[in-house]
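Model the full assembly from the supplied sequences, consistent with the hints where possible.
Take the sequence shown: its position 277, counting from 1, is numbered 277 in the working numbering, and each next residue is one higher.
In case anyone wonders, no lab produced these hints; they're calculated from the structure.
Among the hints, erroneous ones may be present.
Said to hold, decoys possible - Here are the simulated lysine to any residue pairs, SDA-like style, with alpha carbons at most 20 Å apart:
id	residue 1	residue 2
1	LYS6	ARG248
2	LYS144	VAL127
3	LYS144	ARG119
4	LYS276	THR362
5	LYS251	ARG12
6	LYS144	ALA219
7	LYS276	GLY313
8	LYS6	ILE74
9	LYS144	MET91
10	LYS115	HIS87
11	LYS251	HIS208
12	LYS144	GLU222
13	LYS6	PRO31
14	LYS251	THR13
15	LYS115	PHE359
16	LYS144	GLN170
17	LYS169	ALA136
18	LYS251	PRO58
19	LYS5	SER72
20	LYS251	ASP299
21	LYS169	ARG134
22	LYS169	THR130
23	LYS6	GLY75
24	LYS251	HIS17
25	LYS115	THR345
26	LYS5	VAL22
27	LYS144	ARG111
Said to hold, decoys possible - Now the in silico label distances, taken between C-beta atoms and shown as ranges:
id	residue 1	residue 2	range
28	VAL30	ASP299	27 to 33 Å
29	THR166	GLU373	38 to 44 Å
30	PHE11	VAL33	22 to 28 Å
Quick caveat: nothing in here was measured; it's all calculated off a predicted structure.
Note that CB positions come from ideal geometry on N, CA and C, so glycine has one too.
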Amino acid sequence: MSDQKKDSLSFRTRAIHVGNEVDPSTGAVVPPVHFASTFRQPGAGEWGEFDYSRSGNPTRSHLQDTLASLESGIGALAFSSGMAAIHAVTMLLETGDHVVAGCDLYGGAYRLLHKICNRSGIEVSLVDMTDVNRVAEAVGDRTKLIWAETIGNPRLSIPDLPVLATLAKQRGVLIGVDNTFGTPSLIRPLESGIDIVMHSATKYLGGHSDCLGGTLAVADQELFDRLYYIQNATGAVLDPMSSFLISRGLKTLDLRVREQSRTALEIAAWLREHPKVRGVLYPGLENHPQHELASRLFDGGFGAMVTFELDAGIDQTARVCEATQLFHLAVSLGAVESLIEQPATMSHASYDAADRERFGITDGLIRLSVGLESFDDLRDDLAAAIG
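Here it is, written out as structure tokens:
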């Protein structure tokens, strides 16, 4: 199939066929997994397509081809974890550079920026990414990177990506976006002018809580070459088996995310009416501060993450999280089974206490990852736990 023909196919069809071409030697409709660590070369000083599995692996390449197509990029890279992917982006920076990042930010990214990158003399400012004026004020002469999330973690804020992309280009600053919560099924940031799109592929892309991985996708060849050089030099590549599992997960991504988003909206609406729930954060609810923006940016759903707040202390909130039966008490998200967690003590425990308080990560906050179970069963599970 020609590249032009592939580009004309729908998202769901490309997820199944691009990067999953029939094996020419056997006719297998699922490409084989290549576990080889090294590859025979045609001659001394002559290089074939693959030479050493850190530099390139056929199974990893299949996954990268699929993801580049789904994200509307020219290329993608698969890493050993989502944090390895973000770390590669920060390695584009130099001592004295400045990063503007969202304050509604995954705890692991916060830790990397504040506890690791700072050792190299990189400065970080956290700002509200939904306030473009504040972002513009934070960007200075030393700013080299803006880092946002399509759906903030854990408060589910929605930044105006096209406006932020324009701002970044006007200031000559790279802009990267963590699209883990959004997924390319619902939003494709490269199409809005974003430079780098990152995924914790462990989550929705894999979708089954059985592999660890991260990805980057870009729309510019020169930027892709720089990131590939960093990945090859540092070695944080995705292994063949995980590459296969994530490729398999991508085939059902669109179906899973849309169904999970539908159930998440029902859960959010039910929680909003619960007398013990102080507030619900979900972009699909009309009272969400960026609901109208999300309706414009997202295609057919608002994601499957729901955050709500109880009028309770840290211990009482923890007991609610511990009482569910179908919602597993666990970090991570995006898989077929539903998960529940307390950000203050789990996913965002790496935040400094003052920053948790400043950015609204309260002791009563609970984050849900809605899976593929039925709404009725999930509702009853939450009802019993909340009491």
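- Those earlier numbered hints the structure runs against, lowest number first: none
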